[in-house]
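Trainee: Which chain is which? The protein sequence lines are A and B, in order. Those letters in the first sequence? Residues 1 to 337, by the working numbering. Those letters in the second sequence? Residues 338 to 678, by the working numbering.
Check before you lean on any hint, since a few could be wrong.
[To be verified] One-sided excerpt, in silico: chain A residues whose CB lies under 8 Å from chain B: (1) 156; (2) 162; (3) 302.
No lab work stands behind these hints, which were simulated from the structure alone. Just so we're clear, the structure is a prediction, and the values are computed from it rather than from any experiment. The C-beta atom is built at its ideal place from N, Cα and C for all residues, glycine as well.
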Amino acid sequence: MANPIFERKNVVVTGGAGFIGSHLCDALVKDSHVICIDNFSTSDVANINHLLQNPNFELINHDITKPFDLRDFPELERFKIKFQGVQEIYHLASPISKKHFEEFKIATVLTNSIGTKNVLDIAVAHQAKILFASSSALYGPRREGRTHVSESDPCLIDHLTPKGAYDEGKRFSEAILSTYADVYGIDVKIARIFRTYGPRMKLHDGNLLPDMINAGLDGKDIELTAPEDAKIALCFVSDIIDGLVRHMRSTIDVTVVNLGSDQEVYLSSVASLIAKITGDISRVRFTAAGAFQEPGLPDLSKAKQLLSWIPLVRLEDGVRRMVEDARSRRQQRTMFS
Amino acid sequence: MSEVIFDKKNVLVTGGAGFIGSHLCEELLEQGANVICLDNFVTGQEQNIDHLLRHPSFEFIRHDVTQAFDPEAYPELARFRIKFQGIQEIYHLACPTSPKKFEQYRMQTLYANSVGVRQALDLALRYKSRVVHASSSVIYGPRPADGHRFVETENGVNDLLSPRACYDEGKRWAETICATYHQVHGLDVRIARMFRTYGPRMPLYDGQMIPDFITNALEGKDLEIFGDETFRTSLMYVGDLVDGMTKLMNLAQDPGPINFGSDIDIPLVDVATRILQMTGSTSTIKFSGSLLFMSELGLPELSKARDTMDWIPLVTLDDGLKRSIDYTISHKSLLGFQPLG
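Starting from the given sequences, assemble the full structure and let the hints guide the process.
Mentor: The structure is reproduced here in structure tokens:
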């Protein structure tokens with residue numbers, strides 16, 4: 001990493017207009033120059049609207065599967081990249097859409113190969129640290145008799161399923177990172193992120209919590225297509241952001257770290273909580289139980305030991321903030337539609 | 338696959354100057370196809386296809402598969418009339434494989450398994466070609482402790498952060514790209530999972546051992562095993578593999594991934610001893626440190642290949658070794674027995 005002889009580090013966030021990316025930009029812009037790269041394939045400019053006027057923030061509308069050089073963008077001149085370089089890269093970009101997954105499959109393939117390569121080439125050019133947002137998906141489904149997964153566990157997934165482009169893509173991206181680390185000696189970090197929730201999650205994309213919140217705010221019953229004893233572990237987005245920043249600042253020998261919640265709660269109690277917060281009208285109903293397959297819970301001992309990180313936000317507080325956000329976004333939607 | 342209304346089908350082989358690729362090109366020519374052979378000679382070798390260059394149905398283009406390839410831009414391919422006839426079949430084999438120079442080719446390996454696969458599949462989309470993708474037993478992970486034979490349906494366990502990941506994980510990812518192109522575009526792409534293969538034209542002095550055993554036996558030098566007495570592996574003769582790959586291409590329906598390999602496990606020291614006997618050599622066998630890219634590998638379950646396409650490996654080890662020895666003797670002057678590259 002270049003010596004921090006500058007007031008503010010230059011930090012790149014790919015996928016910075018996404019759900020997690022935008023919260024990360026919020027956190028980083030307090031003490032860094034933030035270069036947010038996004039092509040809005042599944043993200044929303046509304047997530048970063050409030051940052052666009054911030055002098056320490058710049059948005060580059062670019063598809064990372066096309067090669068790029070940060071020195072080519074005139075709008076980045078004030079960050080003096082030619083002299084200062086880039087110190088940190090958070091690589092979060094990947095199309096994510098429950099509803100439109102099919103539509104973005106080829107884009108997912110390209111992002112996880114050429115996209116990751118292009119971002120790593122920037123890291124090599126600037127000798128920047130790079131953190132890759134990986135996913136719990138690569139551990140595969142929960143194994144019989146084993147509730148937790150740790151970073152050294154084997155990853156058991158079928159790479160030829162319709163979800164392969166995403167699941168195996170995250171694996172291949174990790175492999176690209178470790179190969180670059182071997183070949184070019186750059187400092188690479190991998191955060192395997194488990195189920196995360198919070199404000200700015202897409203409301204109408206088939207996601208579990210937003211669907212429940214919408215039902216609650218509409219005063220409809222919250223329908224759960226899961227067995228009644230289904231459990232879920234949820235990590236609030238600000239905790240994940242804190243973990244990502246700590247991970248980036250950790251020493252060079254820290255590579256793969258799980259970030260997520262290891263506290264399971266009943267899905268029904270989450271639904272009841274949402275019903276209560278949204279006005280206490282909705283009832284919780286279970287309909288025909290589909291397959292409800294959660295990955296294992298994260299073994300957090302590495303995150304605790306190496307990053308002094310644990311998730312802190314209480315579920316009730318997190319859900320409250322998410323409901324408030326959903327309420328105001330739904331109002332804006334009605335106002336402008 | 339687009340209909341063949343022409344005398345000869347047009348077939349593209351990426352990595353066609355490699356050990357396996359060159360045998361495949363030969364077989365396809367024999368079957369009466371026009372063969373377009375692509376290679377950038379990272380680990381492929383010009384001498385592997387030297388004898389094919391004058392064949393009227395063969396054309397070699399030096400090309401890096403990670404770059405887009407427009408066959409209609411090459412005047413030397415004009416006689417295959419690709420613009421009208423298209424390309425009926427693509428065998429995608431291109432990927433660096435070199436136990437000795439594995440480290441040196443790590444980046445190319447990453448690119449071949451991502452960008453390279455994409456280019457090959459995009460070409461197949463353009464011409465509605467049928468594809469056979471050359472995958473590898475490494476996608477299953479290392480030889481399993483319980484000794485079971487790898488079945489096509491199992492998930493496989495490999496370490497995606499190991500120094501070998503560019504190849505091991507790369508090969509898995511390449512299969513995922515194939516599956517995704519099938520899901521999204523309906524492309525007919527078939528996956529051949531190849532286990533350890535040997536035969537004439539295996540690169541010399543590259544850590545592949547068997548070709549070196551033969552050469553050293555003939556020259557009276559020590560035979561070097563990268564590992565110890567316990568190093569076991571299964572060996573399929575390259576002719577059997579090529580037969581399997583063309584059968585897979587010709588099947589009416591995509592059967593899903595198929596294992597091609599031998600399911601007979603044999604200590605490598607026995608192979609070396611057999612070579613000494615067959616060549617009448619008095620050389621000795623010595624053991625050296627193992628190579629990262631030369632592992633034992635597991636064994637394939639072959640029932641799917643047998644049931645779907647009547648394929649089993651036919652060439653016995655003795656026959657295969659004899660052909661390899663004969664090749665080495667007859668190419669002695671050409672090979673020069675000098676380290677290559």
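Trainee: Output the indices of the hints that this structure fails to meet, ascending.
Mentor: Of the numbered hints given earlier, the structure breaks just one, which is hint 3.
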